[in-house]
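Enquirer: Chain by chain, the residues run as shown.
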Amino acid sequence: MLSSFFDINFIKSLISSSVSVIPGSLALLFLMVITIVVINVFLLAIFGLVGAAFLRRMHIASGSLEQQKQQAHEKAEALLENARKESLRLVDGAGKKAGEVLAQTQVVKEALEAQLTRAIQEFSQKETDRVGHIGEELVIAYRAMIESSKQQYSDVAGAVTKEMASDAQRSIKQFGEFLKDQTTHYEGTLKQQAQEGFMSAQKEISDYKRESLRHVEDAIYLILNLVAKSVLGKVLSLEDQQDLIIHALNEAKQQGFFEV
Amino acid sequence: MITIPDICMPIVRNVRTKEERDMLAEEMSELEATLFRSGQEAFEKVLSTRLSERMASAMRDILGRQEFKNNSENLRIFFHDVKNVLDTFVPLRLTIAVKPSEEMIDRLHEWVQKNLGIGVILDIGYDGSIRGGARIIFNGRYREMTLAQMITDTLAKEKTTVMGMIK
Numbered sequence: 001m002l003s004s005f006f007d008i009n010f011i012k013s014l015i016s017s018s019v020s021v022i023p024g025s026l027a028l029l030f031l032m033v034i035t036i037v038v039i040n041v042f043l044l045a046i047f048g049l050v051g052a053a054f055l056r057r058m059h060i061a062s063g064s065l066e067q068q069k070q071q072a073h074e075k076a077e078a079l080l081e082n083a084r085k086e087s088l089r090l091v092d093g094a095g096k097k098a099g100e101v102l103a104q105t106q107v108v109k110e111a112l113e114a115q116l117t118r119a120i121q122e123f124s125q126k127e128t129d130r131v132g133h134i135g136e137e138l139v140i141a142y143r144a145m146i147e148s149s150k151q152q153y154s155d156v157a158g159a160v161t162k163e164m165a166s167d168a169q170r171s172i173k174q175f176g177e178f179l180k181d182q183t184t185h186y187e188g189t190l191k192q193q194a195q196e197g198f199m200s201a202q203k204e205i206s207d208y209k210r211e212s213l214r215h216v217e218d219a220i221y222l223i224l225n226l227v228a229k230s231v232l233g234k235v236l237s238l239e240d241q242q243d244l245i246i247h248a249l250n251e252a253k254q255q256g257f258f259e260v
Numbered sequence: 001m002i003t004i005p006d007i008c009m010p011i012v013r014n015v016r017t018k019e020e021r022d023m024l025a026e027e028m029s030e031l032e033a034t035l036f037r038s039g040q041e042a043f044e045k046v047l048s049t050r051l052s053e054r055m056a057s058a059m060r061d062i063l064g065r066q067e068f069k070n071n072s073e074n075l076r077i078f079f080h081d082v083k084n085v086l087d088t089f090v091p092l093r094l095t096i097a098v099k100p101s102e103e104m105i106d107r108l109h110e111w112v113q114k115n116l117g118i119g120v121i122l123d124i125g126y127d128g129s130i131r132g133g134a135r136i137i138f139n140g141r142y143r144e145m146t147l148a149q150m151i152t153d154t155l156a157k158e159k160t161t162v163m164g165m166i167k
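Protein chains in written order, with the working numbering: chain G, 1 to 260; chain A, 1 to 167.
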């Protein structure tokens, strides 16, 4: 079909058939359009061929890449496996080495401990001997010191006893003098207090006497007042009462009591 | 000094005490009511039974006057005036040491009318402890003029002399 389409004779026949059908300029225009369409179809066909070739090449390249990727993966797995085996081997070796070192260390430690115990025992024995020797020396020195202290203490005690006796005599003498002074002073104070007490009592007696007299006077005055009122009130006749009221009114009037 | 209508004078000048004043005011009201409600006969009966002889006599004298005969309006004015005058009376309060006799009230009333005027009436009270004289209250003022007070004052003044006499 395509080959028949590109066949120039076919196009010519087509054009000529068209020209015979379409007259003048219209036929020219139609010819141009047909030409453009043909060119475009041609170009499209070329692009299609090129694209198909490119896609086929891409497909081939893609398959190769997948294969390479698979190979690389397998290599990596083999490497990892080797590495794991190697590391296990190394760890195993290290553990064995460590066990050996530990065993050796235990032996060394026990030996060192034994040496240290021996050294301490020797040092202890030596120090015990030395201290025992020093202790004997100290006992001797201590006894000498006690003897010396006894003598010194005896001397000091004698001196102190003497001084104390002297102080006591002096204190007793001072106390006697103080007692004498105090007794004299106390006697004076007592005399003064007695004198003051006597005077105070005299004043109190005097006040009491005066106060009692005042009470008596007040009582007499009160009785007199009551008696006077009672007697005068009773002895007054109605006439006298009347006169007294009139007298009171007159006096009040004289005093201006009723003035407004 | 209050002004008292002459027509009322014979009635009100006989009022001596506060009690008499109150009683007279009641009697005036009763007479007035009886006169206008029950007539002359009933009025005469109240006059002779309720009022004292002296007051009834004074009332008859007044009502016998020409201006009151058959003139109820003048009578009404008269009763009204009397009550008004009684309302204006001022009491003189006297507290005394005895129960007053009528004679004593008369004499005190005379003194009051003579010295203070007709508008003052007695208001007498009793207190034996004052012994004599009077405690006086008038127009809101107070004065102790009693025998008890006089004795107390005298003894206080002469205390030294009295005590000297006793010793």
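Source of the hints: derived by calculation from the structure; they are not laboratory data.
Some hints here could point you the wrong way.
[As the list claims (entries may be wrong)] The calculated PhoX-like cross-link candidates involving lysine-lysine, where the alpha carbons are at most 20 Å apart (straight line), are: (1) G:K75 with G:K85; (2) G:K85 with G:K96; (3) G:K203 with G:K191; (4) G:K234 with A:K114; (5) G:K173 with G:K162; (6) G:K253 with A:K99.
[As the list claims (entries may be wrong)] Listed next, the stretches of chain G that the computed footprint assigns to chain A, with coverage defined by at least 3 CB atoms under 8 Å from CB atoms of chain A: (7) 129–143; (8) 146–153; (9) 251–258.
On a predicted model such as this, the values are computed, not experimentally measured, just so you know.
Just so it is clear, CB atoms sit at the ideal spot from N, CA and C, and this is done for glycine as well.
Enquirer: It remains to establish, for every hint, whether it holds in the given structure.
Expert: Hint check:
no., hint, result
1, G:K75 with G:K85, "16 Å, holds"
2, G:K85 with G:K96, "17 Å, holds"
3, G:K203 with G:K191, "18 Å, holds"
4, G:K234 with A:K114, "30 Å, violated"
5, G:K173 with G:K162, "17 Å, holds"
6, G:K253 with A:K99, "23 Å, violated"
7, 129–143, "violated (count 0)"
8, 146–153, "violated (count 0)"
9, 251–258, "holds (count 6)"
Violation of the numbered hints given earlier is confined to hints 4, 6, 7, 8; the remaining hints are satisfied by the structure.
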